[in-house]
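If you follow the hints, you should be able to join the two separate chains into one complex; please do so.
The residues making up each chain are set out below.
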Amino acid sequence: MSNLRSSFGAAALLGFAFAGGCLALDLRALPEFFRPDPFGGVVASDGNGAQQLHAIHLKAARAGYVSFHLIVNAEPGQQYQLSIDSPLPADLYREWFHFNQPDKTYYPDALIPTRAPYRSRMPEPDNNIPKQTAQAFWVDIWVPPGAEPRTYRGEAKLDGGSARSAVPVEIEVLSADIPDSDAVTLDSNSYGTSWMLDQYPKMLARLRSGDGGEDKLFGLIHKYHQMFYDHRGTFHQLGYGHAGKVAPEFAPWLSGSGKAKHIASWDWFDRHYGPLLDGSAFKDSRRGTKPIPYMYLPVNPEWPASFLWWGEPGYQAEFTNVLREMERHFREKNWTSTTFEVFFNQKKRYKGFNWDGDEIRFARDNDYLLEYHRMLRAALPAASPVHFSMRADTSWSMERQFDLLKGAVTFWVAGEGTLSWYPDAIVKLKQRGDVVWAYGGTPAVQSASVAITLNPLRSWIGGVEGFVRWQTVDPGPDPWFALAGGGETLVYPGERFGVAGPLASIRLKLQRNCLQDIAMLERASKTESRVRVQEEAVRLYNGTHLVDWRNTRPALLAKPVLEWNNADIGDALTPFEAKFAVIEPDAWLRVRDYALQGGGRAQ
Amino acid sequence: MTKSLALIFLAGAACGAQTSALERQLEDVARVATAMVDGDACQRMVTPRALAYMTKRIPRDQWAAADNYDVDDAAFIAVKKTLIRLSTLADFPLDVNLWLPAPGTPPRVQVAIRNRNELSQFWEWGLLSQEMFPEMRTVLATGARVTVKREPGLISVLSPVRNSLGEIVGVVEAVARLVPDARENVK
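Protein chains in written order, with our numbering: chain A, 1 to 603; chain B, 604 to 790.
Just so you know, these hints were derived from the structure itself, not from any lab. All figures in this text were calculated on a predicted structure; none of them were measured in a lab. Ideal Cβ placement from N, Cα and C applies to all residues, glycine included. Hints are not guaranteed to be accurate.
Stated by the list, open to error - In silico lysine-lysine, DSS-like type, Cα no more than 30 angstroms apart, as pairs: (1) K333/A - K790/B; (2) K790/B - K290/A; (3) K559/A - K659/B; (4) K202/A - K790/B; (5) K790/B - K216/A.
Unchecked claim - Far from chain B by the CB rule (all over 12 angstroms, computed), these chain A residues: (6) A317; (7) T338; (8) G407.
Claimed, not checked - Going by beta-carbon spacing under 8 angstroms, a handful of chain B positions derived as facing chain A: (9) D664; (10) A785; (11) K790.
For reference, chain B alone in the conformation it holds in the complex (with noise of 0.2 angstroms):
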C-alpha cells in the first residue's frame, strides 16, 4: 500500500468512525426523547382550526392555511423546551423535531416543533404537511427506532411518542450534519 492510499484509508476509516459514534449518540437521544416526550401534550399542541383548515380549499388564496396555522402555546412551549434539553445530550449540534400525523387522505405527516438549526431529512421548507414518510409509517406502527440516511452528510433517528394510553401518536427525528455548517438555514 502507497503512502497517500494508506492516508486515504485511514481518513476513511476516521470518518466511518466519526459517523458510527455519531449515529450511535443520536440512537441515545431518540431513545431518551421516547421516554421524555408528553404525547398528549404533542396531541394538544395543533389547534382544532388549525387543523381544519389544512384540508379546506380556499379559492385563490394558497396561503390560507398556514396564515391560519396556530398552535396551543402551554403545550408547544412545554414540549419544545423537552426538545432542546435532549438536544443538549450529544456533544455536537443536533436538532431534536416532532412530527405528528395530519389530517388528509392518503396519511399525512406535519412537522409540529423544529429547533435551532433547522435540520431534517423530511421537511420540505414551507410545507405544513406532507405525505407520510414510509420510515415514519413504520415508527406510528411498530413503534421501532428507525435510522435515515437518505440526504448526504445527514443521519436521523426516529422514535416513537407515546400517550397516556399507550398510543404511539408521533415521532422524533434527532438529525444532526456530519460537517456542521455555521450558515445553513439562516434565511
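Chain A on its own, in the form it takes in the complex (with noise of 0.2 angstroms):
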C-alpha cells in the first residue's frame, strides 16, 4: 500500500469526467467498530443509534495503527472520486459488502487495497447491490515507532464534479510506543493447502495440473504467514489429514524402511519453511523480520514411522532415524527461535487411527502420547538448542490430563469454555514451565464487531499467552454473494481482485488493533497493580469486576467425562457466557482509551 499523503494533483481532478452531474454527494466517517452498511446507516449489530460523523480525531500510541471508516454517500449513477491528505502513512481499502445468508443482510469484511485517488460510481459496479447509495472504505494509519508525539492534521477528500466534501482527520500521536510483543498470542488455525488450490484456480493452475508450479504454493502460504504476521498474529498450517496423509509441501521426502528409513531431501520443506524459520519472509512487514514462534510438525502415527510397525522395533527406528535428522537440520539451519509442536489430530471417528490425539476422552488414548514422548526424548538430543513441544488439543479430560501428562505435554490448547471450570489449572501449568493457550471459534460477521475483542481480553485476563481460532481461512463457496456468516474466516482470497495473496477482514483489522492495545495494558500492569489495571479494563468493557470473569467447577464435574455430553457442557457454561452475552458497541474504545493513559504512565 501506498503513503497517500501526495494526494492526487490538479491535472488528474481536471482529467477526471464527472458523468453525474451534482448530484448530492457526501463523505463521512465512522469509528472502526461501527460497520456502515450500504445504504448509508450502521449495520444493526453495531448499534442503530451510531452517526456517521463529519470529522475524526483519533489518539494514537507509535509503532501501530489506527483506523476508521469512510463513508461515501451518493446517488445512483453518481461518479466519485476518493483521496487522503496524510502526513502519516495511509493505507486504504475499499469494503466488500457481502450478502450474508444466515439474516439475508449486507455487512462490510473483506478490505480490497485500493490506490489513492480511487475513482468509482454509485452503485459500486462489481458489488452488484441493488439501491446502494453508500460505499465504506477502511482507513489505517500507520504511526512509526519515531513519529514524533503531536497531533498530525490531514483531510479525506470526496469529489465528485460540482459536489465535494471532506472529513478532517486528526491523529493525536502519544509519546508511548506499541510494545512489539503480543501479551496474548492470536493464532489463526488451517488446515493442509488444498483449499489454497480452489480459492486461486488461476495462480495455482501449473500445480494442480502437476507441472510444477510449487514456487507459487510457497510464495502464496508465505503471504498468507505475513498477512497474519501484519496483524499482530500466528499462522498455523497442519499438514497432514487424519489417517496421516502428508502433503509434499509440509514435511521432508523420506525413503527406506525400518532401520534404512532416513530422510531423502529437504527441498521442498526448506523453501516452504525456511524464509518463515528465518523470519526472512518478512522482510516487508512495518514490524521487521522475526522468525515464526510456532510451527506444526508432520508427525502423526503414519509418519514418519509407518502404522504397520506400531509396538514393533521398526516403528521406533523409523521415527527416531527421521526425528533425529530433522533436529540436526533445524540446529545446523540454526532455526532455534520456532517451537517445532510434535501434535496429534487425529480422532477415532474419523476411522484412521485407533485412539484420539485430539481432544482425549478415553483415559487410556493419553498412554499413546506418553509413548511418543518416550521416542521423542530418545530421538533427541538432551541439551538441543532445537525447541521440540509435545502439544495437545484438549477439553473434555483436561484436568486428569495436566496431571497425567506433566513433563511429556508442555504445549496446552484448551477449549476455553472447559478450561474455564479449572482457573487455578493455568497458574499451576504456567509455574512448571507449560505453555497454555486457548481456543475457539470466530465471530460471524452478523455479530457485534466488538465480539473480535472478548477471546483475546478473556486470554489476557484469565492469563493464558494464546488464543486458536480453530479455522480461519474458509470462506465458504461464495464469500462475495453469498456469505454463510463467515464464522470460519478472517481472510478472503484475493485473486478475484488480482491480489496474490489475502485480502484481510475488518474483523482481522480490529482484531489488531485490539491486541495493540492489549500489549498497552500488559505493560501497564508490570510497572502497577495488574489487578488494578484488569480490574479497570473489565470495568470500563462491560461493568463487571475481575471476580465476574473467574468461572467456578459445576456439579457436572462430579460424575465421569463419559457421561457427559455436549447438552451438558453447554448448560454448565451458560450462567458464565451470559455475563459476556451482551456487550456494547463502543465497549472496546472505552478500554483503548484506558490502555492509551495506562500505557502512556508505563513507559
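Printed below as a string of C-alpha cells:
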C-alpha cells in the first residue's frame, strides 16, 4: 500500500470525467467498531443509533495503527473520486459488502487494497447491490515508532464534479510506543493446502495440473503468514490428514524402511519453511523480520514411522531416525527461535487410527502420547538448542491430562469454555514451564464488531498466553454474494481482485487493534498493580469486576467424563457465558482510552 | 484419420489400458484381502458401548455418537496392519478400507478402518454409519466381488470378509484414484 500523503494533483482532477453531474455527494466517517451498511446506515448489530461523523480525531501510540471507516454517500449514477491527504502513512481499502445468507443482510468485511485516488461510481459496479447509496472504505494510519509526538492533521476528500465533501482527520500521536510483543498470541489455524488450490485456481494452475509451480504455492503460503503477522497474529497450517497422509510441502521427503528409513530430500520443506523459520519472509513488514514462533511438525501415527510397525522395533527405528535428522537439520540451519510442535490431530471417529490425539476423552488414549514422548526423548539430544514440544489440544478430560501428562505435554491448547472451570490450573501449568493457550471460534459477521475483542481480552484476564481460532481461511463457496456467516474465516482470497494473496477482513483489523491495546495494558500491569489495571479494563469493557471473569466448578465435574455430553457442557457454561452475551459497541473504545493513558504512564 | 484424431485415439487407448491394469491390480488386492483379513477380529473391533450410541438419540447433542465412538485397540491394530500390507501389493497409491454392518433399520453399514489416502467411493465425511449400499449388500449376501466406478476418477473393488464360522461379516474396499492427488484429504 502506498503512503497517500501526495493525494492527487489538479491535472488528474481535471482529467476525471464526472458524468453524474451535481448529484448529492457526501463524505463521512465512523469509528472502527461501527460498520457502515450500503444504504447510509450502520449495521444493526453495531448499533442503529450511531451517527456518521463530519470529522475524525484519534489518539494513537507509536509503532501501531489507528483505523476508521470512510463512507461515500451518493445517489445512484454519481461518479466520484476519493483521496486522502495524510502526513502519516495511510492504507486505503475498499470494503466489500457481503450478502450474508444467515440473516439476508449486507455486511462489510473483506478489504480490497486500493490506490488513492480511488475513482468509481454509485452503485459500486462489481459489488452489485440494488439501491446502494453508500460505499465504505477502511483507513489504516500507521504511526511509525519514531514519529514525533504531536497532532497530525490530514484530510479525506471526496470529489464528484461540482460537488465536494471532506472529512478532516486528526491523529494525536502520544509518546508511548506499543510493545512489539503481544501479551496474547492470537493464532489463526488452518488445515493443508488443497483449499489454496481451490481459492487460487489461476495462480496455482500449474501446480494443479501437476506441471511444477510449487514456488507459487510457497509464495502464497508466505503471503498468508505475512498477513497474520502484520496483524499481530500467527498462522498454523496442519500438514496431514486424519489417516496420516502428509502433503508434500509439509515434510521432508523420506525413503527406505525400518532401520534404513531416512530423509531423502529437504528441498520442498526448506523452500516452504526456510523463509518462515529465519524470518526473511517478513522482510517487507512494518513490524520487521522475525521467525515464526510456532509450527506444526508433520508427525502423526503414520509419519515418519509407518503404522504398520506400531508396537514393533521398526516403529521406533523409523521415528527416531527421522526425528534425529530433523533436529540436526534445524540446528545446522540455526532455526532455534521456533517451537516445533509434535501434535496429534486424529480422532478415532474418522476411522484412521484407534486412538484420539485431539480432545482425548478415553483415558487410555493418553498412553499413546506418553509413548510418543518417550520416543521423542530417545530421538533428540538432551541439550539441543532446537525447541521441540509435545502439544495437546484438550477439552473433555483436561484436568486429568494436566496431571497424567505432566512433563510429557508442555504445550496445552484448551477449549476456552471448559478451561474456565479450572482457573487455578493455568497458573500451575505455567509455573511448571508449560505454555497454555485456549481455543475457540471466530465471531461471524452478523455479530457485533466488538465481539472479536472478547476472546483476546478473556485470554489476557485469565492468564492464558494464546488463543487459537480453529479455522480462519474457509470463507465458504461464495463469500462475495452468499456468505455463510464467515465464522470460519478472517481473510478472503484476493485472486478475484488481482491480488496474489489473502485480503484482510475488518474483523482481522479490529482484532489487531485490540491486541495493540492489550499489549499496552500488559505493560501497564507490569509497572502498576496488575489487578488494578485488569479491574479497570473489565469495568470499562462491560461494567463487571474481575471476579465475574472467573468461573467456578460446575456440578457436572462430579460425574465421569464419559457420562457428559455436549448439552451438559453447554448448560454448565451458560451462567458464565451470559455475563458476556451483550457487549456495547463502544466497549473496546473505552478500554483503548484507558490503555493509551495507562500505557503512556507506564512508559 | 488426421494426426490429431490419431493422437486422441492413442491417448484414449493408453488411458483405457491404464484403467484396466489398475482395475486388475485392485481385483487382485481385493481377492487376497478376502483370504487375509480376520473376520473375527473385525467383529470384535467396535466396542458394544460405541455400537449402542450409534442408535441412541441424545437430545440437543448431535455429536454424542461420535464422541462415544471407540474401538478395541488390539483388534483394530491387527486388522489395520493387514490392510496396510495389502495396500503395498500394487505399484500405485491405493487404500484398503474395511466396512462392517452397523446397527439400524433399514440395514446400515459403517466404515471401520480407513487408510492413509482417505479414498473411498462410499464414505461421506464424518458419518459414523450410512444406509447400506446396494453393492455392499450384494457382497454381504453372495460373497461375490463387485467393481464400482461410481465417482469419476475412482475405482473400487469390494470383496467379502469371513469369520471362523464361514459367515460373511464385512466388506473390504480396495480403492484407487486414476490420477493421484498429493493434497487430497489433507484437511
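query: Is the Cβ of G407/A farther than 12 angstroms from every Cβ of chain B?
result: The claim stands: G407/A keeps its Cβ more than 12 angstroms from every Cβ of chain B (closest is about 24 angstroms).
Proposed interface contact between K790/B and chain A, which counts if any beta carbon pair is under 8 angstroms: holds (4 angstroms)
- prompt: Does the alpha-carbon distance linking K333/A and K790/B stay inside the 30 angstroms limit?
  reply: Judged against 30 angstroms, a Cα distance of about 29 angstroms means the pair holds.
task: Take a quick look at A317/A and tell me if its Cβ sits farther than 12 angstroms from every Cβ on chain B, holds or violated.
output: With a cut-off of 12 angstroms, A317/A remains clear of chain B, as the shortest Cβ separation is near 17 angstroms.
query: If you take the shortest Cβ to Cβ gap from D664/B to chain A, is it below 8 angstroms?
result: This interface hint holds because 4 angstroms falls under the 8 angstroms limit.
field: Given pair status - K216/A, K790/B, alpha carbons within 30 angstroms
entry: Given that 30 angstroms is the threshold and the Cα spacing comes to 20 angstroms, the pair holds.
- prompt: Does A785/B meet its interface restraint, that is, does its C-beta lie within less than 8 angstroms of any C-beta in chain A?
  reply: Constraint on A785/B satisfied, holds at 5 angstroms.
task: Examine each Cβ of chain B, and state whether all of them lie more than 12 angstroms from the Cβ of T338/A.
output: For T338/A, whose nearest Cβ neighbour in chain B is about 21 angstroms away, the distance exceeds 12 angstroms, so it holds.
- request: Please work out if K559/A and K659/B have their alpha carbons no farther apart than 30 angstroms.
  value: holds (20 angstroms)
message: Need the status of pair K790/B, K290/A: alpha-carbon distance at most 30 angstroms?
response: Holds, at about 27 angstroms.
Pair hint K202/A and K790/B, alpha-carbon separation not exceeding 30 angstroms: Distance ~21 angstroms between K202/A and K790/B Cα, so the pair holds.
The earlier numbered hints are all upheld by this structure, with none contradicted.
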